[in-house]
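Engineer: Respectively, the protein sequence lines represent chains Y and B.
With the first letter of the first sequence counted as 1, position 266 gets the number 266 in this note's numbering; the numbers rise by one all the way through.
With the first letter of the second sequence counted as 1, position 101 gets the number 101 in this note's numbering; the numbers rise by one all the way through.
Take these hints with a grain of salt, some might be off.
To be verified - In silico lysine-lysine, DSBU-like type, Cα no more than 35 Å apart, as pairs: (1) B:K162 to B:K192; (2) Y:K138 to B:K34; (3) B:K5 to Y:K191; (4) B:K54 to Y:K138.
No lab work stands behind these hints: they were computed from the structure.
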Amino acid sequence: MSHLLRKNNIGWFFIIISVVAIGLFYFYPMVQALLLSFQSGMGANLQFVGLENYVRLLNDPTFIAALSNTVIYLLVQVPLMIVLALLFSVLLNDATLKFKGFFRTAIFLPCVTSLVAYSVIFKYLFGVDGLVNYFLVKFGLLSEAINWLADPLWAKVIIIMAITWRWTGYNMIFYLSALQNVDRSIYEAAKIDGASSFQQFFMITVPLLKPIILFTSITSTIGTLQIFDEVMNITNGGPGNATLSISQYIYFLSFKYTPDFGYAATVSYVIVVLIVILSIIQFRVAGDRK
Amino acid sequence: MRKAKRIVTYLFLSIASLFSLFPFLWMLVSMTNKSVDVTKGRLLPGTHFFENLKQLFLTVDMVPAFINSTIIAVITTFLTLFIASLAGYGFEMYRSRGKDMVFNILLLSLMIPFASIMIPLYRLFGDITPIFPSIGIDTLAAAILPTVTTAFFIFFFRQNTKMFPKELIEAGRMDGLSEFGIFFRIFVPTMKTTYAAAAIIAFMNSWNNYLWPLVILQSPENKTIPLLISTLGAGYAPDYGVIMTAIVIATLPTAIVFFFMQKHFVAGMMGSVKG
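If we strip away everything but chain Y, and leave its shape as in the complex, we get (with noise of 0.2 Å):
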């Protein structure tokens, strides 16, 4: 017994560093941002103002413009992703199929890009003298060429597939690795039965990848809420706020408009509160009849 609680206790010091830094780079933040919330004025001068900061957050056409933004992203681009995802996965599962290895390094691959590098190259593939004008233009679909990120519409169908084109192959990888899981008897067995393709993906593969596919709606769902990198370097957020995330509207109240820290700390927590909901949602819509 004695044993026992001595490795107990000498176990807290193997995660003592984590817990502390924990401690301070996350939770001390979240409730120090939570103070702020509460706090208005410019830079370090700031002053408690009650629930002021959260009143200017309903009145604010900025702040509803990036909610709405980033929320379009979400709704778009999340589900258009998972079902890429899928499809790929399903279609590299096929033992039979040639050139796996090729498809599959070739979907994987934009996420080693860095995400400003990507970004960049999106933004000049799009832009006015870009290369896809050009060849829209030189093959006689577009009479001129289109300033693709000058358009609010346009905008934002580039920032999504800018991140469709990045991030599809990660969650690929984690399909992939659980349907090598799966008993192929099973699709034997669903084949003899006279199963179609499709009733197949969707009676035997979409629910026994319901785990994972919850846990890469998750993180896909914190990820693209966040989304900065992107429309930072893609788009600045224009045209006028038309791709306007959460996240960057934070950093721009913070550190680009007059300094607001209070303000910019009430508009966070909205992100907070979303990715809260959403998880619950998406734990409830997959959790459901267990």
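Given the coordinates of chain Y, assemble chain B onto it according to the supplied hints.
Structural biologist: Coordinates of chain B only, in the frame set by chain Y:
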């Protein structure tokens, strides 16, 4: 019918691969071309690479940024591996109800968005600056410190520790090794693959990190590669050939790391999702 389905599959995967690879090919080709050829849609390799390279080093502080990024990424990787593997091992090998609760609380930090703690962190380092200037605002240490401990890596090491044969620990104890002795002499060498996988992910994360360095590093000499890349082409007439060269150089380290350790990388990501 079967054959038609096959063809559609290959076609679909080929188009997807082309989309995935095209930005890479374009950046590699453009690196060797003149700016004007890049805008003219030239997709063939040119002979302008060395000129672009020369121009890059003349106009931009690529070398200091590369050195800063390397220092930050290497130190971050070592500290991350050290701290997270200690914790993962500690949580898995010495269980108690209290520790399980602590573990769950640490996991909650995964849901904390960086944007919401960015300002308090900045202010924290602002408070530290007068006392310890060497780890204060605008130092590489400040860029490193908040990034080295993440619940993801602790979780990752805990998951992988489950596969570690417990008999080795008993053997170590019988040989008279201390608990930390067992960790360093037995666990660390045995778990090389896990460490390799974690190292790749940690290095990539750190090398590509943008927002926190953007906030905390202000002076030009402290710029990292992503900070430098984001400022390229801000001028009136950007030189695309030069910018592409910079982007290739910025992507090279992570691409090389990935290619040489692809197996570990994939294994590592899978290890983190196993039940």
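Engineer: Hints broken by the structure, by number, lowest first?
Structural biologist: Every hint satisfied by this model.
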